[in-house]
Amino acid sequence: MIRSDQPGSEGIALARACAAAGGRPIQATGKRGANRRSHAVRTFGAQCVEVEVDVETGAVRVLRVVAAHDCGRVINRQLVDSQVIGGVTQAVGFALTEGRVVDAATGVVLNANLEDYKVPTFADAPAVLHTPPDVADWLANSTGAKGIGEPPIIPTAPAIANAIFDAVGVRLHGTPFNVCKILEALQSPPRARLCDRGKAP
Amino acid sequence: MKAFDYVAPGSIESSVRALRAAPADSARLLAGGTDLLPLMKAHVAAPRLLVSLKRVADLPRDIALERGGLVIGALATLAQIEQHPGIASRFAVLAQAAASAATPQLRNMATIGGTLLQRPRCWYFRDERFHCWLKGGDRCHAREGENALHALFETGPCRAVHPSDVACALSVLDAEIEVRSARSSHTVPIGEFLVPPTESRRTETTLAADEVVAAIRVPRTASDVRSVYLKAMDRAAWAFATVSVAAAARVRQGRFEDVRVVLGGVASVPWPVHAAVQSLHGEAPDAQAIMQAARAALEGAEPLRMNGYKVPLAEALVRRALHALAT
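One line per chain: the protein sequences are A and B, in this order.
The first sequence finishes on residue 201 if you use my numbering, and the numbering steps up by one all the way, no holes.
The second sequence finishes on residue 1327 if you use my numbering, and the numbering steps up by one all the way, no holes.
Simulated from the structure, these hints should not be mistaken for laboratory data.
Since this is a predicted model, take the numbers as computed values, not measurements.
Any given hint might turn out to be false.
[What the hints assert, rightly or not] Cβ-Cβ distance ranges computed for the label pairs, FRET-style:
hint, chain 1, residue 1, chain 2, residue 2, range
1, A, A167, B, T1203, 52 to 62 Å
2, B, A1008, A, A192, 11 to 21 Å
3, B, S1185, A, R100, 40 to 50 Å
[Said to hold, decoys possible] Which bits of chain B does chain A cover? Going by a derived footprint, with three or more residues having C-beta under 8 Å, they are:
hint, stretch
4, 1138-1149
5, 1228-1236
Here a beta-carbon is modelled for each residue, glycine too, at the ideal position from N, C-alpha and C.
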């Protein structure tokens, strides 16, 4: 069906429109109107994460992420899914492996390369299931769609932290949630400081 | 990268001659290049002459099983080692170590000779802005600096760890390195080939500047010896070991015999702890005995400010390796 966005206009079936056009091309133009001044536009979302924590080696694996992000009307499902998978994968790195290492004495960043600064590999990337609500938000703008670039990266790390807590009962408050922090948190008393023992005597 | 000359001789003899003809410390051998080229790009190595081993006809690149032992040509790649059926069945620790290293692309290029000679991954060593002890400076910056990835065991001024997975496997298998020079050929036990750097020799190997690694020989082991390599890393693939364990043993009539353990990622060289786990000899592989042996293996560790986690991590890997050998 081809429809106009004018109130009260009726749609016309594509076959009828083609017949009426008699072989000439059908062209139409339109544009995304301005956001309404009366409403703020927000993209809401939630993620659930399943992790596996090896309590002896401190290794954390993110097994599965289910993400639901309300980006209004889904115009291109594959593009939206890709945004979500990309954002979640990036966030897995932020949560587990990525961290800037700075030499305190000189200020030199010691891992300013893609070997020492560890972004996730395919083997680190979890299965990501995206289930968009796909509900057009006509208060947002004339397309009913809302932005989905940045939102998927936001909930992942806190969700991983919560999943680690759910799995092994320890609360981690700073990324990356690496082996060192997991093993330090998992120790039964007496607690030794494993990640930073303070200044050497 | 600075300008350099490149030659590709056809024999070991002419390679050695090219090394000897060059001014001291100005020539380097080039095999897979997976370590040397990044060092050159980082301005940590600046050879004026590269002697490529690509066309050297008498430098072997194949793997042979001889009388139950292994002879691995120096130019054999890690991918060859990983995929060799005889290694996988008789020397599992070696196949597993090769498979755990780097990435498939790097393993297709990296040679076993080069893997033994790769330099540490220490970020102070690899950054030209730090003139650290290993590069001829007067102190190890990692001692007071960022040392989460550094050594637990003290072997000298440098606290970098040896990066090679394969070296740990070769160490637990008592491999010998066949070294060629202009006139002679001799074999060196791996424990005398990889040694901690000293004041006068700031490298991790005793290989002289005009010598070439020709082959690696792994002696025959009894057919019921089992072996395993376990590696902890900061992500699931493409990382050097934070800690690794190469272990071998046999279990006869429910009792451990000939238990051998080498730790990786804890010292400037692969770190054998055979003596520490000798308590297991004649013991049943029960959890208590294995736990005590794992603790003993880490005795003497002197963690730095940020690498204390390596102690429980290494103990866990030793326990796991020993349980794996017993089941």
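How the hints compare with the structure:
no.: 1; hint: A167/A with T1203/B: 52 to 62 Å; verdict: violated, 44 Å
no.: 2; hint: A1008/B with A192/A: 11 to 21 Å; verdict: violated, 54 Å
no.: 3; hint: S1185/B with R100/A: 40 to 50 Å; verdict: holds, 49 Å
no.: 4; hint: 1138-1149; verdict: holds (count 6)
no.: 5; hint: 1228-1236; verdict: holds (count 4)
Comparing the model with each numbered hint stated earlier shows that hints 1 and 2 do not hold.
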